[in-house]
Amino acid sequence: MTDFTLVLGGARSGKSRLAEARILAMPRKGEPVYIATAQAFDDEMTARIAAHRAQREGAGWHTVEAPLALAEALENAPPTASILIDCLTLWLSNHLLAGSDLPAEGARLAQAIAAHPAPLVAVANEVGLGIVPDNPLARRFRDEAGRLNQQLAAQAERVILVTAGLPLALKGSL
Amino acid sequence: MTDFTLVLGGARSGKSRLAEARILAMPRKGEPVYIATAQAFDDEMTARIAAHRAQREGAGWHTVEAPLALAEALENAPPTASILIDCLTLWLSNHLLAGSDLPAEGARLAQAIAAHPAPLVAVANEVGLGIVPDNPLARRFRDEAGRLNQQLAAQAERVILVTAGLPLALKGSL
Amino acid sequence: MTDFTLVLGGARSGKSRLAEARILAMPRKGEPVYIATAQAFDDEMTARIAAHRAQREGAGWHTVEAPLALAEALENAPPTASILIDCLTLWLSNHLLAGSDLPAEGARLAQAIAAHPAPLVAVANEVGLGIVPDNPLARRFRDEAGRLNQQLAAQAERVILVTAGLPLALKGSL
Numbered sequence: 085m086t087d088f089t090l091v092l093g094g095a096r097s098g099k100s101r102l103a104e105a106r107i108l109a110m111p112r113k114g115e116p117v118y119i120a121t122a123q124a125f126d127d128e129m130t131a132r133i134a135a136h137r138a139q140r141e142g143a144g145w146h147t148v149e150a151p152l153a154l155a156e157a158l159e160n161a162p163p164t165a166s167i168l169i170d171c172l173t174l175w176l177s178n179h180l181l182a183g184s185d186l187p188a189e190g191a192r193l194a195q196a197i198a199a200h201p202a203p204l205v206a207v208a209n210e211v212g213l214g215i216v217p218d219n220p221l222a223r224r225f226r227d228e229a230g231r232l233n234q235q236l237a238a239q240a241e242r243v244i245l246v247t248a249g250l251p252l253a254l255k256g257s258l
Numbered sequence: 085m086t087d088f089t090l091v092l093g094g095a096r097s098g099k100s101r102l103a104e105a106r107i108l109a110m111p112r113k114g115e116p117v118y119i120a121t122a123q124a125f126d127d128e129m130t131a132r133i134a135a136h137r138a139q140r141e142g143a144g145w146h147t148v149e150a151p152l153a154l155a156e157a158l159e160n161a162p163p164t165a166s167i168l169i170d171c172l173t174l175w176l177s178n179h180l181l182a183g184s185d186l187p188a189e190g191a192r193l194a195q196a197i198a199a200h201p202a203p204l205v206a207v208a209n210e211v212g213l214g215i216v217p218d219n220p221l222a223r224r225f226r227d228e229a230g231r232l233n234q235q236l237a238a239q240a241e242r243v244i245l246v247t248a249g250l251p252l253a254l255k256g257s258l
Numbered sequence: 085m086t087d088f089t090l091v092l093g094g095a096r097s098g099k100s101r102l103a104e105a106r107i108l109a110m111p112r113k114g115e116p117v118y119i120a121t122a123q124a125f126d127d128e129m130t131a132r133i134a135a136h137r138a139q140r141e142g143a144g145w146h147t148v149e150a151p152l153a154l155a156e157a158l159e160n161a162p163p164t165a166s167i168l169i170d171c172l173t174l175w176l177s178n179h180l181l182a183g184s185d186l187p188a189e190g191a192r193l194a195q196a197i198a199a200h201p202a203p204l205v206a207v208a209n210e211v212g213l214g215i216v217p218d219n220p221l222a223r224r225f226r227d228e229a230g231r232l233n234q235q236l237a238a239q240a241e242r243v244i245l246v247t248a249g250l251p252l253a254l255k256g257s258l
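Residue numbers (the numbering used here), protein chains in the order written: chain U, 85 to 258; chain V, 85 to 258; chain Z, 85 to 258.
There may be inaccurate statements among the hints.
Heads up, the list lumps identical chains together, so a pair's fine if it works in one copy or across two of them.
[Claimed, not checked] Derived lysine to any residue pairs resembling SDA-like cross-links, with alpha carbons at most 25 angstroms apart:
hint : residue 1 : residue 2
1    : Lys113    : Thr147
2    : Lys113    : Ser184
3    : Lys113    : Thr86
4    : Lys113    : His146
5    : Lys113    : Asn160
6    : Lys255    : Val148
Think of the hints as simulated: they come from the structure by calculation, not from any bench.
None of these values were measured; they are calculated from a predicted model.
Please model the complete structure; the sequences and the hints are all you need to start from.
What follows is the structure in structure tokens.
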């Protein structure tokens, strides 16, 4: 049986920190696995990603980079490892830009999450609470991000909305 | 006495589905009435609206289209019918583009909602949680949408915020 | 000991009205102090700010304008006065445009809030729940606003999220 927590929040809401703290507070077997979906497009971002990675590894995480192959990364993780995915919305954005079949990718991801036997926490952005964007790609991204959040929230045991670093349980309990 | 529920949420938050499910779960007399406020501006949208309408009518709804004359549609609905309005924010946007007197339209709508004797659920978008838009019309729309949501929330028995398909009671109970 | 409430909300969410009502409902010594951070850039805004000020002073508030020097305004307020700051996000935006050292300003503000002995309510915008803005300055503002909200929420006794005029306690109780 899976134990899946979805952590939603806006930009700089503290969602990643809260998700990391949850994983570190859980009893666990071996190193927790941090699956990072960010992609470096320039030197500044490469440096920033490397710095985050070094900081996490100092704190005992094993890092896996999966800008696209997230389901595979989950399938290849040790079955006893607690996993943090940060974040689903960047992964979705990477697939959108790659022209992937989004419903197929979403279904495969949902299945890989359901199949992981140890605790799993995934972070996602809530992006639908502003004005309709002018840009058609931004509109499509917003729709797809909302759909993915709904799909994963339906399957999660726990959904937490983070605002200004503070958690609110939308499903299950904190 | 009226029984008015306001369902708020962002884009693709699952607010319409939740609102439909609430109406269908209520005891009711006769067909529920679905008041659609979307306006078709091109062939693709005409086709999409027709498809949604056929799907709803198969599920037992009577559909009324009211991109602007929403208060009249409420006044003309059978007094015993449960009503779903989807959505107030499109209706507001239609009136803004039509150059209508928004406070007068808001007051008339509030009165028509208060006068309907059977359960009524209205869906609205929350659009004020992003960055201030550059576009002056978008800023005005954002302000007017916030004002309308406040006005109707004050008169509602129940206000529900939907995030990733999950309801949160802001007023009354789920 | 301080009594600090942070009121968060989107545009036209009713957050300022709720914050004013909280201050006016508290037992207090002397006039409450309203610290306004808005800056007038044109005649229309000058007139609007003057009208709000006259309205508030009629209702018994003492108004202080502090588009930048907010910590000083707090330090100079009578120690027994209840204070409303409206709003932190405009103050942050003013400092961002002025090229200030934001972490230093944030630290100084946090200290001035902690040092005020009477009740203090501060209003801030939640701006991180839309699509990533195209504009780099808007992205930076969004990040800084999120950081400031997290910092002040951590130090507040009470954090309230306002949607459509309705409060939700994120920390402490209403």
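Broken hints, by number = Those not satisfied are hints 2 and 6.
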